[in-house]
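**Student:** Sequence:
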Amino acid sequence: MKKNTLVLLILLMVLSIFTYIKLDELKNSKEYSKLLIEEIENKEKELKEISMSYEDKEDEFERFKLHYKTEYESRNLIDIKSRQIYDAFINQDIEYLKNVVSNNVKFKNEIVIFENDYEFSLGVKYENYVLRQRYYFLNEDDTKFVTGYEILMDNVEFVPVYIFEYIKENGEWKLNNIYEE
Numbered sequence: 458m459k460k461n462t463l464v465l466l467i468l469l470m471v472l473s474i475f476t477y478i479k480l481d482e483l484k485n486s487k488e489y490s491k492l493l494i495e496e497i498e499n500k501e502k503e504l505k506e507i508s509m510s511y512e513d514k515e516d517e518f519e520r521f522k523l524h525y526k527t528e529y530e531s532r533n534l535i536d537i538k539s540r541q542i543y544d545a546f547i548n549q550d551i552e553y554l555k556n557v558v559s560n561n562v563k564f565k566n567e568i569v570i571f572e573n574d575y576e577f578s579l580g581v582k583y584e585n586y587v588l589r590q591r592y593y594f595l596n597e598d599d600t601k602f603v604t605g606y607e608i609l610m611d612n613v614e615f616v617p618v619y620i621f622e623y624i625k626e627n628g629e630w631k632l633n634n635i636y637e638e
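Taken in order, the sequence shown gives residues 458 to 638; the numbers are from the working numbering.
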C-alpha cells in the first residue's frame, strides 16, 4: 500500500503543480482579457469621437454647400440687377434707382450719394459698353454681397472697374455702396 500511497501522493503533487500552472495561466489570461476590454473600450471612445468629428465635418460641408449655392443663386440675381442699375445710371432713371438702393443711399439732383460718401453722377454715357463681372463674394452670414464689374468699351485703353456692394434689406438685395477700383 505504501507504493500506492506514494504514487497517489506523486500524482496529487503533479496535479497540484499542473493546477497551479493552469490557475496562473488563467489569472494571466483574465488580466490580458481586462487589458483587451480596456483597449476595446478606448477604441470605441476613439471611434465615437471620430464619428462625432465626421458628423461635424459633414454638417460643416452641408453649410458650405448651402452657402455656395446661395452665393451662386444670389450672384445670378444680383448680376441682372447690377446691369439694370447701371443702365438706370446712364438713363437717369431715379425712380427705378430709389427702389433698388438701400435706405443709406441719398439722391441729390443727378448725383447718387452712397453710404461710403462715393458720389456717382447719373447720365455718364459710354458708347457700346459691356459690363463684365470679374468676381463676386457673399459673406458668411449671407447679409452682404460684393461683386466687381469691368466696363469694357470700344477704343478705350483704361477699363474702369466698379465694385458694387449689396446688403439684405427686408429680405431683398439692395445696392448700398459703389467703389471705383
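Worth flagging that the hints you see were computed from the coordinates, not collected in a lab. Fair warning: there could be bad hints in the mix.
Here are the simulated DSS-like cross-link-like pairs (lysine-lysine), alpha carbons at most 30 Å apart as the crow flies [claimed, not checked]:
| id | residue 1 | residue 2 |
| --- | --- | --- |
| 1 | K514 | K500 |
| 2 | K555 | K565 |
| 3 | K502 | K484 |
**Student:** None of the hints should be skipped; say for each whether it holds.
**Tutor:** Right, here's what the structure says about each hint:
no.	hint	result
1	K514 x K500	holds, 20 Å
2	K555 x K565	holds, 12 Å
3	K502 x K484	holds, 27 Å
Going down the numbered hints, you'll see the structure goes against none, and every one checks out.
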